[in-house]
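Student: Line by line, the protein sequences give chains Y and D.
Using my numbering, the letters of the first sequence correspond one by one to residues 64 to 219.
Using my numbering, the letters of the second sequence correspond one by one to residues 3 to 177.
By construction, these hints were calculated from the structure, which means they are not laboratory data.
Please note that the accuracy of each hint is not assured.
Stated by the list, open to error - Simulated restraints on C-beta separations:
hint: 1; chain 1: D; residue 1: R107; chain 2: Y; residue 2: G83; range: 35 to 43 Å
hint: 2; chain 1: D; residue 1: C25; chain 2: Y; residue 2: G116; range: 14 to 22 Å
hint: 3; chain 1: D; residue 1: R124; chain 2: Y; residue 2: P142; range: 13 to 21 Å
What the hints assert, rightly or not - Here are the computed lysine to any residue pairs in the SDA-like style, where the Cα-Cα straight-line distance is at most 20 Å:
hint: 4; chain 1: D; residue 1: K57; chain 2: Y; residue 2: R110
hint: 5; chain 1: D; residue 1: K67; chain 2: Y; residue 2: D199
hint: 6; chain 1: D; residue 1: K155; chain 2: Y; residue 2: S119
hint: 7; chain 1: D; residue 1: K57; chain 2: Y; residue 2: V71
hint: 8; chain 1: Y; residue 1: K74; chain 2: Y; residue 2: E96
hint: 9; chain 1: Y; residue 1: K74; chain 2: D; residue 2: P96
hint: 10; chain 1: D; residue 1: K67; chain 2: Y; residue 2: S119
hint: 11; chain 1: D; residue 1: K67; chain 2: D; residue 2: H133
hint: 12; chain 1: D; residue 1: K57; chain 2: Y; residue 2: V124
hint: 13; chain 1: Y; residue 1: K74; chain 2: D; residue 2: K67
hint: 14; chain 1: D; residue 1: K57; chain 2: Y; residue 2: S87
hint: 15; chain 1: D; residue 1: K57; chain 2: Y; residue 2: A150
hint: 16; chain 1: D; residue 1: K57; chain 2: Y; residue 2: D99
hint: 17; chain 1: D; residue 1: K155; chain 2: Y; residue 2: S153
hint: 18; chain 1: D; residue 1: K67; chain 2: Y; residue 2: L72
hint: 19; chain 1: D; residue 1: K57; chain 2: Y; residue 2: I208
hint: 20; chain 1: Y; residue 1: K74; chain 2: D; residue 2: G151
hint: 21; chain 1: Y; residue 1: K74; chain 2: Y; residue 2: D99
hint: 22; chain 1: Y; residue 1: K74; chain 2: D; residue 2: R64
hint: 23; chain 1: D; residue 1: K67; chain 2: Y; residue 2: R110
hint: 24; chain 1: D; residue 1: K155; chain 2: D; residue 2: R71
hint: 25; chain 1: D; residue 1: K155; chain 2: Y; residue 2: D114
hint: 26; chain 1: D; residue 1: K155; chain 2: Y; residue 2: A150
hint: 27; chain 1: D; residue 1: K155; chain 2: Y; residue 2: E96
hint: 28; chain 1: D; residue 1: K155; chain 2: Y; residue 2: L135
hint: 29; chain 1: D; residue 1: K155; chain 2: Y; residue 2: S87
hint: 30; chain 1: D; residue 1: K155; chain 2: Y; residue 2: S133
hint: 31; chain 1: D; residue 1: K57; chain 2: Y; residue 2: E79
hint: 32; chain 1: D; residue 1: K57; chain 2: Y; residue 2: E163
hint: 33; chain 1: D; residue 1: K57; chain 2: Y; residue 2: E204
hint: 34; chain 1: D; residue 1: K155; chain 2: Y; residue 2: R164
hint: 35; chain 1: D; residue 1: K67; chain 2: D; residue 2: A126
hint: 36; chain 1: D; residue 1: K155; chain 2: D; residue 2: G69
hint: 37; chain 1: D; residue 1: K57; chain 2: D; residue 2: I44
hint: 38; chain 1: D; residue 1: K67; chain 2: D; residue 2: S11
hint: 39; chain 1: D; residue 1: K57; chain 2: Y; residue 2: M202
hint: 40; chain 1: D; residue 1: K67; chain 2: Y; residue 2: E96
Every value quoted in this text rests on a predicted model; they were computed, and no experiment measured them.
All C-beta atoms, glycine included, are put in the ideal place defined by N, C-alpha and C.
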Amino acid sequence: MSDTGYSVLEKRLLNEVQHGFPLSTRPFAELAERFDSDEQTVLNAYRRLQDEGVVSRIGPVFRPNRIGVSTLAAMAVPPQDLERVAACISARPEVNHNYERLHEFNLWFVVTARDTQELQAALQAIEQECGYPLMDLPMLEDYYIDLGFEIHWGDD
Amino acid sequence: MQAMTPDLSQALIAEIEQGLPLCERPYAEIGRRIGCSEEEVIAAIQRLQCEGDIKRFGVVVRHRKLGYRANGMVVWNIPDERVAELGRCMGRFPFVTLCYRRPRRLPHWPYNLFTMVHGRDREAVAEKTRHLAESCGLRDADYRILFSGRCFKQRGARYLGRALEEPTGDCSRAR
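Could you build all of it, start to finish, from the sequences and the hints given here?
Tutor: If you want it as structure tokens, here you go:
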């Protein structure tokens, strides 16, 4: 997959701007200058990458529990009921990630809210509406300095 | 420049957590939406960065779309007195994208350190995890890799945002 269809410019736009996106009046023009391109080409490349879903967004990654609060929750759901419960959980606006994982606790999701009170209310609502108890695993300490994720285009 | 009022600051966060509009002057566009100047938007984002509320500001990619089809949430049962040291050790590896301490929930859940490991497939994730364990002196550690199955939902966190609306990423799609 590695080299399917991404230009040199697109690879650089994906890999080299995961942190330190320019905070200037014309950020895309600034990137264009850095990458020897022009503003419209850079903008169009990002529009395409975002339309294709490769780029989720250009913006901030917040440090956990600084702007709002969040937690990781897990549920053990019988396989035959997983689809329904997953849809029930995904429908909640407070949920941003919701994954199946191969374990007895097979549904894992992240819940965010403005404050602890709202978060606890959301967790209770999820248990009641979706029908199973959840395990609440809030972050206690963060050891990771987020500099983005380096994409290797060749082999891994 | 003065700090924004709390209301304005919340409005700004609600805008930027959905992603910058893809237009020539995205900060001016955000300022227009929330009622302040481009300079104030830029200064406020800089302040959020300086104060450590923002970890990074840039392109957020979706790993799966780039061929990293497997991710493993690796959960470790580490003695409490060593968890900070080992967490810092693991957090330095380039293929680790999250490294958190979380509470145990005994008796069902003894694991207190969580790392996210991405790879092209499950074997690559398992190999990287072995490498991680050995590099941090944890060859015999009690750990489990919880591989991802179906992805039901994935988007950025919206702490304050207009969570019920679709994101309005693009202020001018026309070329």
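Student: Against each hint, give a clear statement of whether it holds in the structure.
Tutor: How the hints compare with the structure:
1. R107(D) / G83(Y): 35 to 43 Å: holds, 38 Å
2. C25(D) / G116(Y): 14 to 22 Å: holds, 20 Å
3. R124(D) / P142(Y): 13 to 21 Å: holds, 19 Å
4. K57(D) / R110(Y): The given pair, whose Cα atoms are some 24 Å apart, is violated under the 20 Å limit.
5. K67(D) / D199(Y): Not OK: K67(D) and D199(Y) at ~29 Å, beyond 20 Å, violated.
6. K155(D) / S119(Y): holds, 12 Å
7. K57(D) / V71(Y): Roughly 27 Å between the alpha carbons, so the hint for K57(D) and V71(Y) is violated.
8. K74(Y) / E96(Y): holds, 16 Å
9. K74(Y) / P96(D): holds, 18 Å
10. K67(D) / S119(Y): At roughly 10 Å apart (the allowed maximum being 20 Å), S119(Y) and K67(D) satisfy the hint.
11. K67(D) / H133(D): violated, 25 Å
12. K57(D) / V124(Y): holds, 6 Å
13. K74(Y) / K67(D): holds, 13 Å
14. K57(D) / S87(Y): holds, 19 Å
15. K57(D) / A150(Y): Violated, at roughly 30 Å.
16. K57(D) / D99(Y): With Cα atoms ~28 Å apart, K57(D) and D99(Y) exceed 20 Å; violated.
17. K155(D) / S153(Y): The given pair, whose Cα atoms are some 6 Å apart, holds under the 20 Å limit.
18. K67(D) / L72(Y): Holds: K67(D) and L72(Y) sit about 18 Å apart, inside 20 Å.
19. K57(D) / I208(Y): Holds, at roughly 8 Å.
20. K74(Y) / G151(D): violated, 28 Å
21. K74(Y) / D99(Y): The given pair, whose Cα atoms are some 14 Å apart, holds under the 20 Å limit.
22. K74(Y) / R64(D): holds, 14 Å
23. K67(D) / R110(Y): holds, 15 Å
24. K155(D) / R71(D): holds, 15 Å
25. K155(D) / D114(Y): Holds. K155(D) to D114(Y) sits at ~17 Å (cutoff 20 Å).
26. K155(D) / A150(Y): holds, 9 Å
27. K155(D) / E96(Y): Not satisfied, since the Cα-Cα distance of roughly 36 Å exceeds 20 Å.
28. K155(D) / L135(Y): holds, 14 Å
29. K155(D) / S87(Y): violated, 33 Å
30. K155(D) / S133(Y): holds, 16 Å
31. K57(D) / E79(Y): holds, 16 Å
32. K57(D) / E163(Y): Not satisfied, since the Cα-Cα distance of roughly 27 Å exceeds 20 Å.
33. K57(D) / E204(Y): Holds - the C-alpha atoms of E204(Y) and K57(D) are around 14 Å apart, at most 20 Å.
34. K155(D) / R164(Y): holds, 13 Å
35. K67(D) / A126(D): holds, 17 Å
36. K155(D) / G69(D): holds, 18 Å
37. K57(D) / I44(D): holds, 16 Å
38. K67(D) / S11(D): Between K67(D) and S11(D) the Cα gap is close to 33 Å, so the pair fails against 20 Å, i.e. violated.
39. K57(D) / M202(Y): Given that 20 Å is the threshold and the Cα spacing comes to 16 Å, the pair holds.
40. K67(D) / E96(Y): Not OK: K67(D) and E96(Y) at ~27 Å, beyond 20 Å, violated.
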